[in-house]
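Asker: One-letter residues, chain by chain:
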Amino acid sequence: MISIDHVSKTFGSGPSAVRAVDDVSLDVAGGEIFGVVGSSGAGKSTLIRLINLLERPDAGTVTVAGTELTALAPAELRTARHDIGMIFQQFNLLSSRTVRGNVELALEVTGVAARDRSARASEILDLVGLTGKAAAYPAQLSGGQKQRVGIARALAGRPRVLLSDEATSALDPETTSSILELLRSLRDELGLTILLITHEMDVVKRICDSAALMRDGRILEQGSLPALLGTPGSLLARELFPLGALPPERGTTIIEITFSGLSSERPVVAQLARTHGIDVGLLGAAIETIGGVQTGRTRLELPGTEARHAAAIADLRAQGLLVDVVRSAA
Amino acid sequence: MIDPTAPDFWPQLFATLWKATGETLYQVGVTALLTLLLGLAIGTLLVITDRGGILESPFGSLAAGRGINLVLQAVVNLGRSIPFIILMIALIPFTRLILGTAFGVTAAIVPLTVAAVPFFARIVEMSLREVATGLVEAGQSLGASRWQLVSKVIIPEAVPGLLLGFTTTVVSVISYSAIVGVIGGGGLGDVAIRYGHQRYSVIHIVAVIVILVALVAVIQLIGSRLAKRLSHR
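Here the protein sequences come in this chain order: Z and E.
Residues in the first sequence are numbered consecutively from 1, following our numbering.
Residues in the second sequence are numbered consecutively from 1, following our numbering.
Keep in mind that the hints are not guaranteed to be accurate.
Examples of chain Z residues lying across from chain E (beta carbon under 10 Å, computed) [claimed, not checked]:
1) Ile87
2) Gln89
3) Glu108
4) Val109
5) Leu163
Source of the hints: derived by calculation from the structure; they are not laboratory data.
Where a beta carbon is used, it is the ideal one built from N, C-alpha and C, also for glycine.
Isolated chain E (complex conformation) (with noise of 0.2 Å):
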């Protein structure tokens, strides 16, 4: 039980917070990096390999085209369907056989990473479907090249949405990054589970649930300035 008259009380409560604070943003910054860039590259694939897409037969080859697009649909699913917490026990053989550990902070990006990439490509493959057909188009017209029409056309057009998706995806990965504290992977998620579940402290699971909604608070809200900026609709 913690006594939260003792005098060392409130200068441990702001030393855990604050060292808990940073691995949390440590955790989610890789993740949210690794996401975004994975993300991106699955879901232009389901994109453009789709039928009628502009990689449709990559190689020349139809079948490749369905083959990819399908493969790619089929880990999304999947990794879309398992819940996140059971998702990162099952991870654990995974995780240790890459990075040597299976808990910690760091190891903790793995099985975060494996679960955000899906959705976040997800909404990427949403967010180039509205992108007019036309403008791919008027770009093929010009005599763009497929990596031409993807980097100039499609992804600019669809800047927006996939701002707006990835803040989504954010905001997802710092409620999975509190999951993590159950494996010991550290963060506000296990300040909330060490002091405030096993040593009873409410006054720790106030500071982080505060700490929590700040912080995404923050990040909806540049997300959604900066998604407006970007837009010239």
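Bound-form chain Z, shown alone (with noise of 0.2 Å):
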């Protein structure tokens, strides 16, 4: 639904110059939540401004619906813009309309006649949950309330694809939740598309279907989940899961284990303790339920060196679990 290909982005010139995304190719499948997560100054903003083309790459295509976007003319991009809505961080809403007027801002510029403009802000206020608000003006609004109408105003045009710019930075962690349930209820409903960009781990966990890691204006990784969860040594898996600090070295092996779905429930610690006398000691376990899946990573502690563990490691690895021995004593 969204193809970006080799796609740069440079601010500025000279020894100034910011190179805010750089080769970065991108794929996001229909109907799916994709999650680009990153810190600040990473260039995920910059990144999703290049989709609707908010931003103008300096190299590389950008494809959404099909249609090569970085190729179209200005009135052709203003008509494929019409297919991909956008929510921002800051609500952008004009404080001179209401809801409603808000909500009809979007169906104004396409030309949808008055009466049919009304009909369907009534319906896509009421789909995202603020009938009876309409007449109000933003600044009457709580945050939650206010990306709502920034939703409804997005989806006003019936787009395929939603892109949101940290939509629930400014937000509550509660309001964060509905907001959050609200996305992925739509998109169920409609069959949106919807990229994120995100710097909270918490969004990609909860709502993301796949997700990317920006760093220095460069995609790390990317991939569904399930498929990050199960890399070796994936970032993207060490931050949704973060165990902390190692522990100062005293001797011992330390690995961890990162399991999805059917594993955890198997009782890693007591049969490495039974089945090959470890004693095992537990660092650190981070583990949530992502889609419906109970996932996590542990991380444990083994006395001695590595070599002494190979036939527990081996066995572990055998039941699909992925192991990453992080230290071994010398």
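Two chains, two frames, a set of hints: combine them into the complex.
Answerer: Here's what the structure looks like:
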């Protein structure tokens, strides 16, 4: 649905130039929720603006719903944008218009007749849970309600793609949850494809099917969450399930086990102790339910060198667990 | 010398003031309307043709955008830096060229408008720059054209500020319109000069001042009230 091919964007020139997006390629399948995560300054905001060409890339192509946007003339691009909704961290609602007026703006722009605009606005406001707020001005709404208006405005013209620029970053945790729930249910109901950028790992864990990790303008990893979690040494898996710093060297071997699905129900620690007679220390664990599946990582400490536990580790791997030996005693 | 004890003094005073107030309102009204249209257009162009503006490169040419912006900046700066009384005299040939006469109530509208437009254009520019870039971005993401961005997003969002700025401009035009009395521009300024200054009638001067103060107070009140009502921030 969204395909970005070798896209780059540099701001400024000469020694002060900043390469915000550096040769990024990305594919988002239809109907999926795809999250791009990274700390601030990683280039996420620029990346999402490259998709609807609010920023024009210096190189590379952007294709959305089969249309290569980077090849379009300005007027054609405006039409293509009707198929791509966007929501923002600061909501970007017009203070001069009511809730209804803000939603209708999207339809005025596409030339929908006044009567149809009104009907569609009511319909979409019901869908986002703002029935009865149509006559209010944005200043009278809470942050969560404002973002609902933003979502209603973005979806009023029935786009197939929704871009979310840190849509929950200005909201409290409870409101964040309700907005994420809304996005997920809208995806299910309308068959939307959602690309979101966020610095909150929690957002990825809660609603994303796939994710990409961005750093210094580059995509370091991307893929479906299960695939990423099943990749040895995945940076994203580590960031999604942080286990903190390693303890000081003390003649032990430290392993990290990543599991998703059924394997979490297996008594790994007990098994190591019983079957292999190892005194296992639990250093950390991060376990959550993602998409109805128990997923997480545990960090275990085993006495002595790695060589002593080769059989045990092989046994765990044979069971389909992802085992990383993080440190081995000399 | 005017004799305030003469039996027809007061009726004449009222007749004079009534006519002069009508002339001032006409001058200020027409000037305000022209200034609103021209100032809004120039101020908007100043913002959107600036670097990073939505009309940064009209017809695909960055140079054209820079050119238009620089010319408008120069015109506005020039207009704002010439004192009104000098501008008024300097414009006499121009006024004669377009209206056939340089003197009279209507002719004075030309220098008034030429003075007020740069003033208001600058205020428009400042007000529009206050509109958050995110709102323009939201409009663009919806597929709005440049005209739609200006007419549906940028200007409506700036209305309260524009209204206050327009009120300030109209108040300035009222004071300028008194100055045009010097070159036979009619209105309340004309009364102040002919009766108050040349014929030493303190009553005329006081009456003119009272009317001007009342006029400014009413306009400021309407402007402020309206701006407050239209602001939904």
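Asker: Check each numbered hint against the structure and report the violated ones by number, ascending.
Answerer: none
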